[in-house]
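Undergrad: Spelled out from the first residue to the last, the chains are:
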Amino acid sequence: MPKRLKPVDVVLVGGGMTASILGKQLAEAGHKVVALERGRMLNTVPDFQAPAMHDELKYIVRHGLMEDTSVQTVSFRNFPHQHPLPMRQLGSFLPGTGVGGAMVHWNGQIWRFQPSWLRLRSAVNERYGRNFLPPDVTIQDWGVTYEELEPYYTLFEQVCATSAAPYEGQPPGELLPSDPHCGPRSQPYPNPPMKQAYSGHLYGEAARNLGYHPFQVPSANSTRAYTNPFGMTYKPCMYCGFCEKFGCEHFAKASPQVAILPVALANRNFELRTHVHVTRIEHDKRARIATGVTYVEAGGREVFQPAHVVALCAFAYKNPVLMLQSGIGTPYDPATRLGTIGRNYSYQTMSEVDVFYDREMHFNPFMGAGALGTVITDFNNESFDHAGLGFIGGGYIAAYQTNGRPIEYHPMPSDTPRWGLKWKEAVRKYYGSTVKLQILASSTPHPNNYIGLDRNYRDAFGSPLGMITFDFPDNDRLMSSYVTSKARDIGKAMGSSKVDVKWLAGHYSIVPYQTTHNTGGAIMGTDPSTSAVNRYLQSWDLHNLWVVGASAFPQNDGYNPTDTVGALTFWAADALVKRYMPHPGPLVSA
Amino acid sequence: MSRARRIPLIALLGAALAMLLAIGCNAQEQSPPKLVAPGGRAEIAQGLLQQAVRRYGHRSELTLGMQVMLGENCRAAAPCYSCVTCHGVRGAGSAGPGIPRLTGQSDLYLDHALRSFASGRRASDVMQPVAKQLTGNEMRAVAEWCAAQTPAVALPVPGPLPQEATLARGGKIAAVGSAKARVQGCANCHGPAGAGEPPIFPYLAGQYPHYLEQQLTAFKQGTRHDPGHIMQGIAAQLDGADIDAVAEYFGSMQPPIHLQQVGIGEGLQGAGRPASSSIVGSDPPPDPPKQPHKSRQSAPVGASGAHASRQARPGEGRLIAFGGQFGQLQYSCASCHQLDGTGDPSGAFPRLAQQKASYIYQSLREFASGARKSAVMQPIAQELSDEQMHSVAAFYSTLRPQPFPPVLPPDKAAISRGRKIAAHGITPKGPGCDSCHGRHGDASPYLAGQYASYLEQQLKLFKSHKRRGQQAIIMQTVVGGMTEAQMRDVSLYFASRRPRFMAIANVLRTSHSGRAAPSPSEPLSHCGGGPGRRGIERADHALGR
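Heads up: the protein sequence lines correspond to chains P and X, in order.
The numbering used here numbers the first residue of the first sequence as 1 and each following residue consecutively.
The numbering used here numbers the first residue of the second sequence as 1 and each following residue consecutively.
These are calculated hints, taken from the structure and not from any lab test.
We put the beta carbon where it would ideally sit given N, CA and C, even for glycine.
Wrong hints could be hidden among the right ones.
As the list claims (entries may be wrong) - Per the computed footprint, the stretches of chain X lying under chain P, defined by three or more beta-carbons under 8 Å from a beta-carbon of chain P, are: (1) 163 to 177; (2) 182 to 190; (3) 221 to 233.
Given the sequences, and given the hints that come with them, work out the whole structure.
TA: Right under this line is the structure:
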């Protein structure tokens, strides 16, 4: 019999970015909030300090800040007819563990989605006609518009000390290229863009010569001393090249513990419990409300925490898995294409063009940052006409200089031997003379791609593993081939001797790292039969259950998702604080 | 990398300058320049140059850097400042007034600092005129000179030992930062244990606490800027106690680069070494102090403690010698006379250590009133209250015995002539200097061991009636009949002497390595009473012998 605690107003499942935002906003509105984090407490001081933090073995090879797959993991298959197997080592994506979640070890690439993406089904129908896409491209409208989200995008970008052009206090004479293809902005970015790397400069020149519009990637690394709207101070980025998979030692990269969490923790209404694993959302089927959550403490004791509101703030695919494990809503079934929980699992379509120079270029890759890059968005969905192309979506092409870390970073042409003298020569030759063009492209849903529960494997707490069924849909393969060929053309225009194209080929593999941009599974929408939550991220099934995060994306755009997750969370927090908490009940009638 | 940056800079220089330099370089490589630096500096510098050449090969920058360091690059029109006066031949700096250690520091960093001083981006009344007189080549050269030097052993800094808690607090901020202040650890950029991340980030380990404190305060107040505005942001969020703790912590360490004993005792002798009342911590004073020795006593009571005036507070005197609390005084005695009162071998600044308090006080009064003329000393003395003069006098008079630079090479004939003048004056049987200044020149004011050029200068001033004030009339009479050669001889004689009260101090010319308190197993007498075998071994170890 689980120990029963005193009820609280809101229980948050997770201790990352979305939980920090909801926790802060709700606690400030006077509600008693408890956040439940499975990992340990992590703080900039002392946990993220170098040189201890710059440990590639610990944080890259051994995934020091990521999910422990011996405790919780997912099983995986490409197609519904296959037998899924558990992911026993992290690879393709890296869910975070510990306070701050995956936003501790992100790259800080902070992008808005294009306005049409949030109403993609309608936009495609209007522009290209109803029959433009085959029926298995199950794109949907989000139920929220760009105009509605814009103030929350702006707030989140300020909270994250975003550095990009145009920026606050930019002198009128200073002409900095900015994104020509993004939605309208109500305010400039808070900080000036990052410095341009030489690699980015070469890429930008080549892209401009081909008629494209290069600019510096918006970065959640502050480029100057900055105080965010919550009074949290940032320091400038040092371009140390240890962003992704590491915590930032400089108070420069936005993370919950730098930007938001200290404010929540200073509030007596907010409590953060670490080392607790939530196993179930308890709910009353007849009253159609959640009653609280059951979790396992570090000591192994099972605890029931009653709450008036439950908000799922776990990693994207973990939210629908928890709902499935708790028996909430109708599980999605790929055979019938009915059901909502687990629907529209999407990812990100990655490809790469490597530009190798035979002469010494001194790119100095060790002077990098996660979001240090020069980019074009001319091939994102809304930026170009898809008529006659037969696909929807697109992506950006960026020359990132994220790191030159010695264990991880040794670019070389694909025909280099894997070991021996030639390999060593290639390491020496290309370490400082390679530009990597990354194509980060959209991911559209397919009826076969979904999140379910595994029938065979269970986690350390006896719950069935979540199961991911995913392969790149044809639409995305067409799209990727198109955008990658454009990147190849730019690469060839950069004056190098060798251009290697890593096309999207074969089936999706869970082994090599691609991105941690898993989306969908508890998607938002306007129709309860095709979405799990309404436009405010409130469950259609239990009105006091809120499901927050990238799990709500009906499809993933050709941009990194964090900005949109942050904006949606502030949007949901506003609805919770202003509308739901005073008058509990469905905010949208089904 | 620094070389890569250097090439375009050189390309930008005027053709005439480049040609001049090229000619100069060729000449320098043929034969090392003749140096005129006094007090053994020239010899020290030449030795250091040879060493640097052994390590880095023949580089014209090193020779030019050495000349700049010694102030021998003077172009006729401009008044010349020399780095050596404050930073020492090698660039070891000095603890008291916070003159930074430059040895082994990144040349790119030092060059940038000089450029910043010259352009006024970095404010300093002292460094701006110095940097402005240098050409770009000279800045680079002197930066390379300092970078090529092995750091002198960090010697104990005078004053009370920092509290364990202070060091712990500083060490924590240095390693991991402060969660409360939202400040990252220094190690992130300045390397583990403050070892530096050349060429951009200077090392901090072994840097003088007073300097670090000044700089952090300057960053905090916005009077110093760094290109990325990193340090302003950090310092702004540290409070005074944090700054103090960090400064003390790094000051308590040894400089990062592996020590190599250079064989030339710049770190042990006159110019520019870290000033310390206990540089010769293993040197016993004639009367061992009763209290156990601590390397950083706030008010060292040495053999001549009786000189201290009743109004005087040597502790306050030490603070004034530092330049006051947080440098509130415009000038600090220690910038020229060193905190250990050893003055400067050039003779421009006399030794003050263990000089009689009443004489120092009297001199300050005379400088303030103008009775004794000095453009340098007058504004300094005028800044001090009567009580402060007493305190400064008491501080310098009660210092521990300090070591003396060797006279190189001793002019035995001149010294012998000088000895006769000291005993009998210029007449065969008349009264000599000894009759007032004591048999060994160690009565007030003591002359033994004073710098020859200083003594000679003073005699000339007396003769021309330019030095007035107390007893001047006697001195004017005494020197009236002396020739310049005689003045030089007697000056050299006294410079070659050692006052009796310091005789033992000169036995040992090694130093303690660290500032750690003696271990419990070690008899205190080894520290306070006599050198002891163990003390010597430890000193040798520290010097890498």
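Undergrad: Mind checking, does the region 163 to 177 of chain X have 3 or more residues with a CB under 8 Å from chain P?
TA: Result for this restraint: holds, n = 3.
Undergrad: Closer than 8 Å Cβ to Cβ for three or more residues is the test here. Does the region 221 to 233 of chain X pass it with chain P?
TA: holds (count 5)
Undergrad: Per the coverage rule (Cβ-Cβ under 8 Å, at least three residues), is the region 182 to 190 of chain X covered by chain P?
TA: n = 7 at 8 Å, threshold three: holds.
Hint check: no violations occur; every hint is consistent with the structure.
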